[in-house]
Amino acid sequence: MSCEFYKSEMYAWRPGEDLPDSKPLLDHLATCPECAQWLANFSASDERIRQTFSAVPESPSLEAKIFAGLDYERLQKTPRRSTWRNWFLLPIAASLLVGITLGFGPWLQEARLSRQVATLLSQPPSAEINSTDQKQLLAWSAGALSGDAELPPALSNVEFRAASSLKVASHKAVLLQMKNEQRASLLIIDAQLTAENTIKSFHETAGSDSRWSDGRRTYVLLFQGSEQDMRVYMTQMGIVT
Amino acid sequence: MQITDQMFNDWVRQHQRLLFGIAYWWTGSRTDAEELTQEAFLQAYRSRSSLRDLELVKGWLVGILRHCHSQMRRRTKSREEVSFDEMLYEPESRPTLSADALALHQSLEKLEERHRLPVVLFYFQDLSYREIAEALELPIGTVMSRLARARQQLHELMKAPTKLVLMKKAESR
Chain C
15 MSCEFYKSEM
25 YAWRPGEDLP
35 DSKPLLDHLA
45 TCPECAQWLA
55 NFSASDERIR
65 QTFSAVPESP
75 SLEAKIFAGL
85 DYERLQKTPR
95 RSTWRNWFLL
105 PIAASLLVGI
115 TLGFGPWLQE
125 ARLSRQVATL
135 LSQPPSAEIN
145 STDQKQLLAW
155 SAGALSGDAE
165 LPPALSNVEF
175 RAASSLKVAS
185 HKAVLLQMKN
195 EQRASLLIID
205 AQLTAENTIK
215 SFHETAGSDS
225 RWSDGRRTYV
235 LLFQGSEQDM
245 RVYMTQMGIV
255 T
Chain G
50 MQITDQMFND
60 WVRQHQRLLF
70 GIAYWWTGSR
80 TDAEELTQEA
90 FLQAYRSRSS
100 LRDLELVKGW
110 LVGILRHCHS
120 QMRRRTKSRE
130 EVSFDEMLYE
140 PESRPTLSAD
150 ALALHQSLEK
160 LEERHRLPVV
170 LFYFQDLSYR
180 EIAEALELPI
190 GTVMSRLARA
200 RQQLHELMKA
210 PTKLVLMKKA
220 ESR
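Chains as they are written, first to last, in this note's numbering: chain C, 15 to 255; chain G, 50 to 222.
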């Protein structure tokens, strides 16, 4: 059999884990210096790939997130005994359900959106500041980003009430809360997003976004509502795209 | 077999890093890997009665992770959207990765899924052919042939670095 055949065999071979018919291969390696050298090179390259695979980023909050999900699941599954009180409580539960649907619906949606944004942003805020002083907020943001935190002209009319420093993947970022609009915030990322990048988690929860870039940073207006509502808000604030 | 909450919690602590790592290399995205790991543990908890042998818990969890990964792929296939982490493939914005890691990410992206899944288990977790076969629910012969093809492709792709990887190597010198 040819060397090429044995090379193809070696791609499937793992030292220490014999193939069912590895004896002919081992015999060939003992007599063919070229294939023996090829295997040595292949093994070195293989080891390098194996080492590279071990470089996995840290995810410090993952365990807590898993347990939070499990706690919720266990809470749902806790067995309840059916008694006369359950029947007595049924109308109250029904009223609460209506209340939740009508009254707490937006609040629940907001809470869900907050979780989604938190997931999107990978990590919880590492620092926060509450202030309506624009200069103070931008100076604070500059410290959290790399260098100044000037806004692009299109956003010059926007006012803020708080800022949080975060990381989007490995990039420094700041989330600025809009002063007069609870549904809107501005995310400034120290990285450039390409046009086709969309904020997947955010869109899945009926959020909208609009973005600007100055070639170095990306500014993303995150809006908890439809595209149409966001446009109305932007028009009111004099924000132009 | 009774699997208590305490036992399951211990498995989370023991194996969450493993599942996250596999998911990270399967998806190429930290965010997706976190989501996938959380979903896998949740589904594992719900179906814990299906585990027949406590010795096989690792392979069982990896199998559930693979199932969640397929579900995620089906969900995202229909959308044109990409995750935030995918922007990290842009030249100017993947500063923390080594040239080798960047090359590996790009090479894995080019592999077909049927090759990418076993090759990650092979290299990252050092699973045996049999363990990979069990986790992927494939015959062992299929796993061996797919791995041989996957390793060959991976070595070839890693040998031919992209422009971006070359730039990264030049930067690190």
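In short, the hints are calculated from the structure, not lab data.
Treat the hints with caution; some may be incorrect.
What the hints assert, rightly or not - Stretch-level coverage of chain C by chain G, calculated; a stretch enters the list once three of its residues show a Cβ under 8 Å from a Cβ in chain G: (1) 49-63; (2) 165-171; (3) 188-198.
Said to hold, decoys possible - Simulated pairs of lysine-lysine, DSS-like, Cα-Cα distance not exceeding 25 Å: (4) LYS208/G to LYS159/G; (5) LYS79/C to LYS107/G; (6) LYS186/C to LYS149/C; (7) LYS208/G to LYS21/C; (8) LYS21/C to LYS159/G.
Small disclaimer: the values here were computed from a predicted structure and weren't measured.
We put the beta carbon where it would ideally sit given N, CA and C, even for glycine.
So, going through the hints one by one against the coordinates:
Coverage of the stretch 49-63 of chain C by chain G holds [criterion: at least 3 residues with CB-CB distance below 8 Å; count 5]. Evaluation of the coverage hint for the stretch 165-171 of chain C: breached, as 0 residues show C-beta separations to chain G shorter than 8 Å, against a requirement of three. Judged by the Cβ-Cβ criterion of 8 Å, the stretch 188-198 of chain C is not covered by chain G as claimed, because only 0 of its residues qualify and three are needed. For a cut-off of 25 Å, the pair hint linking LYS208/G to LYS159/G stands: about 14 Å separates their Cα positions.
A C-alpha spacing of about 20 Å is found between LYS79/C and LYS107/G, which places the hinted pair at or below 25 Å, so the restraint holds. Proximity of LYS186/C to LYS149/C is assessed by CA-CA distance (about 20 Å); at most 25 Å being required, the pair is judged to hold. Taking the CA atoms of LYS208/G and LYS21/C, the gap is near 17 Å; set against the 25 Å cutoff, the hint holds. Proximity of LYS21/C to LYS159/G is assessed by CA-CA distance (about 23 Å); at most 25 Å being required, the pair is judged to hold.
Against the hints set out earlier in the document, violations occur for numbers 2 and 3.
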